[in-house]
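Keeping their order, the protein sequence lines are chains A and B.
Numbering of the first sequence is given in this note's numbering, commencing with residue 63 and proceeding in unit increments.
Numbering of the second sequence is given in this note's numbering, commencing with residue 84 and proceeding in unit increments.
For the record, the hints were derived by calculation from the structure and aren't laboratory data.
Model, not experiment: these values are computed from the prediction.
Glycine residues also receive a C-beta, built at the ideal position from the N, C-alpha and C atoms.
One should not assume that every hint holds.
[As the list claims (entries may be wrong)] If you want a taste of the chain B side facing chain A, the calculated C-beta under 7 angstroms gives, among others: (1) His-200; (2) Arg-201; (3) Val-202; (4) Pro-275; (5) Leu-477; (6) Leu-484; (7) Val-490.
[To be verified] Calculated cross-link-like contacts (lysine-lysine; reagent style DSS-like; alpha-carbon spacing at most 30 angstroms): (8) Lys-345/B - Lys-358/A; (9) Lys-173/A - Lys-209/A; (10) Lys-332/A - Lys-205/B; (11) Lys-168/A - Lys-205/B.
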Amino acid sequence: MDDVLSVLVTYIFLFLLLLSAALFLFILLRRLVIQHREAVFRIRYLEIEQEVLQAIAAGDISAAVAAALKHRRRPEVLTQVLVNFAEMISGRGREVLRTIFDHALKRRFLKDLRSPFVARRLRATRLIGLFAASSERALLVDLLRDKPIVRLAAANALTHVPDRESLALVFEAFEKDSGPDIHAYANIIFGAGQRIEPLVREALSKNPSPERLSLLIELVGAIPLRSLAPLLPPFTRHPDKEVRIKTAKALAALRSPDSFDVLIEMAADKDWEVQAQALRGLGNLRNPEALEVLSKGLFSPAWHVRWNAREGLLSLGPEGVRRLREAAEQKEDRFAADMARMALETLSDTRGH
Amino acid sequence: MDGALSFLFQAVTYTVLAFFFLVNSFYLLFLLLSLGGVIRFRRMNRYVPLKDIFSNPMTKPISIIAPAFNEEASILESVRSLLALEYPLFEVIVVNDGSSDATLETLVRAFDLRVTHRVFRKSIDTAPIRAIYASPKDRKLLVVDKVNGKKADALNAGLNVARYPLFCAIDADSLIERDALLKVVRPFLDDPERTVGVGGIIRLSNGCTIRGGQVVRVGMPRNPLARFQVVEYLRAFLGGRMGMSLLNCLLIISGAFGVFRKDIALEIGGYRRDTIGEDMDLVVRLRRHCHERRRPFRIAFIPDPICWTEAPENLRVLARQRNRWHRGLIESLVHNIKMLFNPRYGVTGLLAMPFYVVFEMIGPLIEVLGYVAFAAFLVTGNIDHPFAVRFFLLAVLYGTLLSLVAVMLEELSFQRYPRLADIVVIVAFGVLENFLFRQFLAFVRAKAFLDLFRGKTEWGKMERKGFSLKEERP
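Produce the entire structure from the sequences given, and follow the hints as far as they go.
Quick look at the structure:
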């Protein structure tokens, strides 16, 4: 038994020794190769960057085409240059970048969209998204049936395609998709800005699930889509608390004077989260008629309601400050008094600067 | 009698051998899993525009909570580094936990701090707060000065004062890379309902050049003890935590850098005050809470957002640190022992807890038993010397292989050590750690059981050089 074990240990030892030595050599050799590649990459990067910069500065499409044709055999470096510029440049300069992309890289990445490897498809989708044109729409739409991570990248790319149909497709995916978390779609849709307004309007009328409805309402406030403010009041009585919170939040962000009565009503909601958002909205409106509701909010048992009431009172000028002083001096509710004192202190700090 | 003794020797030998191979094989498995995971992570995250997070209104603001106890040497550099982070909306809450040195005074002077009567919701009981300071120079900064109540209590005080829905718990003696928050917050953006906590990788700042609160050149420390720890950290974070995260059974997010949802942390009562392993304890209890409420959740590790921390450079301090970590681990696991092998707790009860209890918690005891038995066999002559030597060399080689795979992980992923010589040094120390360093740590961790049994609860003093001192190095 001991002999068998001894032989086994010897063989395992030799195997591990060879494996470790091979691994060590591999690490060292790989590092040497990478260092060499990086040095070459840096030199080429500077060269290409210079040419692309000149083409952008001159707004010269023919120079862009020339640069693309010259460097298309260095796709990695060229891609990195274009991505770095794309993060900073818009307008005419972006056209130059798109021209280089179209002439040097597009065909390659369109091929990658059909790759069996997810990482490749994903990379190609993101890059096409950066320089997307209407002609790529059909390809990107196909990817909306891909794995969740590619699907979301395709949706993101589609929001950059400058036509309404592409956005409609993203929205359709958002409404149907049960795979990835729908919050990721909200991040994407937000990027489309005001262009999304007709689609959100239509979606709000379709009675979506509370989770989707909450997100749509949040988008209305976050983008902001002011023309949709009149559609929000019916949701102030929605049975789902999250929908009501998002409605109050959106109304607060939109700052529409027409929503004053709705916000007053929401300030009396049964849930403190809704009350807090409504008071924030009332503060944003700076309407002196909200003085009583805001003063009452300062005495709420919920900290956030007190905080937003304090912010609201501060925004109402001298009359709001007077109410804060009264609250600070009273002795019955020490939490309200503390909050009011802190507000007054903030005021003096701000004045000091 | 001889027969019984011989049987006992054999039993101990085979138990230790089996344990040794099992634990290393598990780590090898995690490392191989991580290898795939890290490469995939890098490929999947190419060309992701981080700047989009700035314009995204769905991005949740973060309260950074930095408890500080006698950190006067490094506090300024740390706070400056925190204030310079790239993130749309955040606040930095430094909690001075009754420091006896000039931590508070240093901050007051540098940031022109003034007492503010900030009102906050006291969701968790903490030791009394003496004052809250705000800085007119930088409105993002808030300093809470409180009576000493240990780290968990300081974090709870920070949680009470925090205004934002996410909080980032960090050590005040750590440096976070400028874009780390943008990277670590991505799981919260993509999956805000399920994501409960996200941790980032911790690397050692010893040997690095630091300017303006940021690591500008990564280098190997000169101190051999710190070099051993570089290897250890690479293996633990790139291998262990990444692997466990891929299996969704991560039980630790380092206290030096982790982001959590504040509402859920408050639901479980924040950090437990009667433990010294508050970082692990929080994650274990978060998992338990989510399982008990049948709430789908995700606690992730991301290998890219980087936090730099200073490693102890002398044995005494290192022993104290590891002893404390192990006491914390034992406390957290024992406190939540109900989850062990309990199918109700899913992967936490059936995989994560057994792994941690057997290999992490009891492991050092078995390792020490092995060393003691080995010595006893040598003395009594109950050992086949050639076999023992071969076995020891095999153990060294297995350990070295694990370190090599960790280095390979580093090379295939982020390559933070720029010089080829650094890689050679890491590998060399990966071999050398098997002689004495590993045994030393096993004894220190085993002693933690004894200390815990004796009721030892103190942290032990940590000696810091401070980042500013290190800047002066060539």
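Verification of the supplied hints:
1. His-200: Since the shortest Cβ distance to chain A is 5 angstroms, the answer is holds.
2. Arg-201: For Arg-201/B, the interface hint holds, since the closest Cβ of chain A sits about 6 angstroms away, which is under 7 angstroms.
3. Val-202: holds (4 angstroms)
4. Pro-275: holds (5 angstroms)
5. Leu-477: Check passed: Cβ of Leu-477/B comes within 5 angstroms of chain A, closer than 7 angstroms.
6. Leu-484: The hint holds - Leu-484/B has a Cβ within 7 angstroms of chain A, the shortest such distance being about 5 angstroms.
7. Val-490: This interface hint holds because 6 angstroms falls under the 7 angstroms limit.
8. Lys-345/B - Lys-358/A: Holds, at roughly 28 angstroms.
9. Lys-173/A - Lys-209/A: holds (18 angstroms)
10. Lys-332/A - Lys-205/B: Holds. Lys-332/A to Lys-205/B sits at ~23 angstroms (cutoff 30 angstroms).
11. Lys-168/A - Lys-205/B: violated (57 angstroms)
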